[in-house]
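Residue numbers (our numbering), protein chains in the order written: chain A, 6 to 173; chain B, 28 to 455.
Mixed in with the good hints, there may be bad ones.
[Said to hold, decoys possible] Label-pair restraints from in silico Cβ distances:
hint: 1; chain 1: A; residue 1: R48; chain 2: B; residue 2: D314; range: 27 to 37 Å
hint: 2; chain 1: A; residue 1: P150; chain 2: B; residue 2: H245; range: 36 to 46 Å
hint: 3; chain 1: A; residue 1: R20; chain 2: B; residue 2: R168; range: 37 to 47 Å
[Stated by the list, open to error] Here are the computed lysine to aspartate or glutamate pairs in the DMTMM-like style, where the Cα-Cα straight-line distance is at most 25 Å:
hint: 4; chain 1: B; residue 1: K148; chain 2: A; residue 2: D162
hint: 5; chain 1: B; residue 1: K224; chain 2: B; residue 2: D235
hint: 6; chain 1: B; residue 1: K409; chain 2: A; residue 2: E92
hint: 7; chain 1: B; residue 1: K340; chain 2: A; residue 2: D162
hint: 8; chain 1: B; residue 1: K409; chain 2: A; residue 2: E165
hint: 9; chain 1: B; residue 1: K154; chain 2: A; residue 2: D162
hint: 10; chain 1: B; residue 1: K404; chain 2: A; residue 2: D162
hint: 11; chain 1: B; residue 1: K148; chain 2: B; residue 2: D220
hint: 12; chain 1: B; residue 1: K148; chain 2: B; residue 2: E62
hint: 13; chain 1: B; residue 1: K382; chain 2: A; residue 2: E18
hint: 14; chain 1: B; residue 1: K30; chain 2: A; residue 2: E9
hint: 15; chain 1: B; residue 1: K409; chain 2: A; residue 2: E161
hint: 16; chain 1: B; residue 1: K154; chain 2: B; residue 2: D124
hint: 17; chain 1: B; residue 1: K352; chain 2: A; residue 2: E9
hint: 18; chain 1: B; residue 1: K154; chain 2: B; residue 2: D94
hint: 19; chain 1: B; residue 1: K404; chain 2: B; residue 2: D235
hint: 20; chain 1: B; residue 1: K382; chain 2: A; residue 2: E165
hint: 21; chain 1: B; residue 1: K382; chain 2: A; residue 2: D24
hint: 22; chain 1: B; residue 1: K382; chain 2: A; residue 2: D159
hint: 23; chain 1: B; residue 1: K404; chain 2: A; residue 2: E169
hint: 24; chain 1: B; residue 1: K404; chain 2: A; residue 2: E18
hint: 25; chain 1: B; residue 1: K148; chain 2: B; residue 2: D182
hint: 26; chain 1: B; residue 1: K30; chain 2: B; residue 2: E383
hint: 27; chain 1: B; residue 1: K404; chain 2: A; residue 2: E9
hint: 28; chain 1: B; residue 1: K224; chain 2: B; residue 2: D205
hint: 29; chain 1: B; residue 1: K404; chain 2: A; residue 2: D81
hint: 30; chain 1: B; residue 1: K30; chain 2: A; residue 2: D162
hint: 31; chain 1: B; residue 1: K154; chain 2: B; residue 2: E448
[Said to hold, decoys possible] Stretch-level coverage of chain B by chain A, calculated; a stretch enters the list once three of its residues show a Cβ under 8 Å from a Cβ in chain A:
hint: 32; stretch: 125-135
hint: 33; stretch: 234-247
hint: 34; stretch: 337-347
hint: 35; stretch: 433-445
Calculated from the structure, these hints are not laboratory results.
We treat Cβ as the ideally placed atom computed from N, Cα and C, and that holds for glycine.
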Amino acid sequence: MASESARATSAAEQRYRIDAPNSQPRTVKVIALDAAAERVVKRIARRPWRCATFFTSLSDDGAPRGAWSMQAWLGDVAGRAMDLVGEIASADLVVMVAAAGGSPPAASVIGEACVLNGVMTTALIVDARGHTDAALARTLAALRPYAAMLVVADGEDYIEAMLEALRA
Amino acid sequence: MLKQEQNDLLTQTGPGMPGGRLFRSYWLPALLAEELPENECPPVRVKLLSERLLAFRDTQGRYGLIDEFCAHRGVSLWFGRNEEGGLRCPYHGWKYDVTGQCLEVPSEPVESGFCNKIKLKSYPLIKIGPVLWTYMGPKERTPPHPEFEFARVPDANCFTSKRLQECNWLQAMEGGIDSSHVSWLHRGALDSDPLFKGARGNRYNFGDARPVFEVVEHPGGLYIGARRNAENGHYYWRITPWVMPCFTMIPPRGNHPVHGHFWVPIDDENCWAWSFDYQPTRALTGDEVTAMRAGKGIHVTYVPGGFRPAANKDNDYLIDRAAQKAGRTYSGVDGIAMQDASLQESMGPVVDRTKENLVSTDNGIIMARHRMLRAIKALMEKDVTPPGVDPAHHRVRSAAVVLPPDQAFKDAAREALTVREGLAHASV
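Please work from the sequences and hints to get the whole structure.
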């Protein structure tokens, strides 16, 4: 027996959708994996964000600086070393940003840390336009094993669009 | 989520709206050619992009798409007489040709030339394949004709249908590029629908319920690749192209016909969901066409006399809770098209995107919105022709392929993602 007080959605019925928050902020950590991505991430970090924080990877030259430690893989946008494991563990989503053409070694370390902590990963390759297929494939191969979602964007502006869409 | 003003930009496509201007840059499907089957056949009311129009085919076989209402006193010309090279209003006999030009005003002296001063707004209407296409933008910017492959193959190779979808075009289209819902909503169809079952690729779907995704831009839109594990460390890729603003193709399965959609705004609260199935290299079989006419695959059955699906919101989409519980269908709604439409219409006529909580796997949707917002801005501020207008952007294909793990799908499947005349789709 139909006893519903509301039937299928109409324009009139849509007005009655409850107007209350339906989510809590998610913690998003955005990590630049190379020098080109670092410039973009530092620029974006100047904007106010609700729950996104921004980091650089300290391994751009292919090896961690100084003695090997997990800390050596992550820095804040001011260049201070950060605790990779602690930052990853407190994230709901980690966004790795890389420029097309490189093969960032930090991807594997950060990606493994995300896997160990059960943290969702997204990888963004920016400025893909103008790079050769081989260069792009190199970056894709470095990121693919560690990204549950991989986006290849022609420009840089997609990072902000994505973060806004994710309520970061 | 989107800000309200962004949602308005993307969902409002009427005259004068920025999103409307974007849509008026493209050739769009307006009618099935079979809706105007012969010269002097009855005219058809058409609403597109929030404009009420009338389509007709005159004595010489010319197609016209004109303002629905007589310039005299606003009568709907749907009641008109299609005769001797024009459509005559039955009220006082004013007559119009396919360009909307008034040919006769019987109450005025012919010598006065009054009829020359009367012209209804009109748009070109051309037949390509099984579709009548229109372009509703400025005449001086008329783009080259569309070159989507489904409309270019022999008639016997293609089956096209359309259905009314009672929600804004964008939430319907976003379903077409939301590859992650397939493993849930449509999971029952792979081994039961005659237009899907039996393909080797299906077993990869069943064997790996957690696909990962890659989104790659192409000049006309996006490729969205869904990756599942295959044998020997290889990946099974299902690659969906989206061409701006509203064309999507579904990756093929085995030797089944390949299918896709257009999502064309009727007004801001309704759209046409166009659905096509085709094979580039062979005619569709009788069994395939029979299944399509019976509402299998991505097609539907109708309320008699129109294009409203038989399962619709007034009958709760004929939901079958027993079938849901038994797992014969995942949502209880039968048929892939109505499984999608029921949920998309349930969001309301225009979904409030300020309330949504997108996740990482929604990047295809996020990128598509981003591309469209960027295109609207460039069009409004700098008069830049948007992506998807160039016919070269239309010549895309979906693909289902198995690739080594180190290969980028866009490169490894480059040929498979492009129309290759005389060659079948890459399909597993």
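Problem set entry | List of violated hint numbers, smallest to largest | Of the numbered hints, 1, 2, 4, 6, 7, 9, 11, 14, 19, 22, 24, 25, 27, 29 and 32 do not hold.
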